[in-house]
Amino acid sequence: MSSQLIQNNFRMDRLPHIWCPGCGHGIVMRSLAQAIENQGYDKKKVCVVSGIGCSSRASGYMDFNTLHTTHGRALAFATGVKLANPELKVIVVTGDGDCSAIGGNHLIHTARRNIDITTIVFNNNIYGMTGGQYSPTTPTSEYGTTAPFGNIDKAFDICKLVDAAGATYVARGTVYHTVQLIKLIENALINNGFSLVDAISTCPTYYGRKNKKGSAVNMLNSLKENAVDIKAAEKLPKEKLEGKFLIGEFKNTNEPEYTEEYMKIIKKYQKER
Amino acid sequence: MAQKSNKKLVIVENWCKGCGICVAFCPTKVLDLHNEKVVIKDIDKCIKCGLCELRCPDYAIYLEGSDNE
Ligand SMILES: Cc1ncc(C[n+]2csc(CCOP(=O)(O)OP(=O)(O)O)c2C)c(N)n1
Ligand code: SF4
Ligand code: SF4
Ligand code: SF4
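Chains A and B, in that order, are what the protein sequence lines are.
Position one of the first sequence corresponds to residue 1 (our numbering), numbered consecutively onward.
Position one of the second sequence corresponds to residue 274 (our numbering), numbered consecutively onward.
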């Protein structure tokens with residue numbers, strides 16, 4: 001047996017999931033299920049879309065309408081789903097590689113359109129599924145199987161990226177700060193437009209081992225120590241923020257939503273004919 | 274008060290992967306690992322906060338029932 005939340009929202013015959021011991025993705029997936037349940041959506045009206053990666057396997061476990069698509073293309077499929085059936089609450093689950101490397105172009109343009117899709121990035125700073133290659137969110141100087149001498153690239157801040165591109169809801173949470181993460185996902189679901197939650201996850205198996213970050217517990221501890229809430233950060237001197245990263249709600253605004261604008265055009269020209 | 278909660282702490286042993294997250298972050302040190310599985314060390318200390326459930330990546334520990342008397 002397992003908790004009511006798990007029984008209500010997961011395909012029980014698919015559990016336990018195959019993620020490694022201590023993998024943060026299980027925590028993000030549970031937080032998403034909790035947020036959906038808290039909002040009380042009709043399950044038939046929810047569609048979860050994913051690409052490829054450890055993170056993208058979440059769509060196979062979650063008991064909603066689900067679509068497990070190709071690497072990097074979840075947002076393109078999700079756009080199709082949303083336009084074909086605007087009534088659906090469309091949720092994309094993706095990895096940092098899936099959404100910001102191969103899928104980076106889809107990400108910026110989906111944000112630009114402000115289409116009502118909620119994207120949850122399971123951000124573990126690495127390509128987990130394929131064995132630990134560095135991703136666009138791997139910090140400079142850290143290691144991956146493709147960066148045996150240290151990564152010389154600068155990392156993307158996915159929140160800043162989609163903010164600049166036009167997303168109307170942008171937030172970051174972590175798998176340590178679960179109560180906040182659930183709330184951020186709920187607010188992302190409520191926003192009528194493109195929403196993204198950068199959920200900082202952990203990959204003890206590849207990112208952890210490659211970078212000597214210790215156990216899953218150690219990795220959660222460093223999230224606890226290094227995350228600073230945006231509200232607290234505003235009051236802190238710059239030195240205190242060195243080596244830290246921000247969590248919380250960065251943007252929550254209202255702008256015309258893409259499917260609604262699209263339908264307006266259709267209605268207008270249907271009338272004129 | 275939390276202590277008066279009727280909720281019951283439940284473990285799904287065959288789903289536990291022994292990561293130790295619940296053990297490390299339980300505020301009152303209720304839990305322990307034994308042979309790579311979570312065990313309840315001292316249930317009397319449990320304040321039914323649910324943090325173990327929120328952070329278990331494998332849904333192997335949870336609070337069952339409601340707070341209502
Ligand atoms: C077109 C294509 N290119 C490459 C791959 C190989 N591939 C599978 S998953 C993956 C990266 C996954 O990383 P991320 O999205 O960060 O997810 P994680 O596994 O870390 O959760 C890659 C490169 C693929 N499946 N398809
Ligand atoms: S490889 Fe990393 S991301 Fe993939 S399941 Fe294992 S710990 Fe999680
Ligand atoms: S409910 Fe709270 S106090 Fe009880 S075991 Fe879980 S984390 Fe510890
Ligand atoms: S967090 Fe879950 S999987 Fe990890 S030791 Fe505790 S019960 Fe087991």
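Source of the hints: derived by calculation from the structure; they are not laboratory data.
One or more hints might be untrue.
With a Cα cut of at most 20 Å, we get these calculated SDA-like pairs of lysine to any residue [stated by the list, open to error]:
no., chain 1, residue 1, chain 2, residue 2
1, A, K213, B, G291
2, B, K280, A, V179
3, A, K44, A, P21
4, B, K280, A, N8
5, B, K280, A, P21
6, B, K321, A, K44
7, B, K281, A, S215
8, B, K310, A, A155
9, B, K310, B, G338
10, B, K310, A, K160
11, B, K321, A, Q180
12, B, K310, A, S215
Which numbered hints fail = 3, 5, 6, 7, 8, 9, 10
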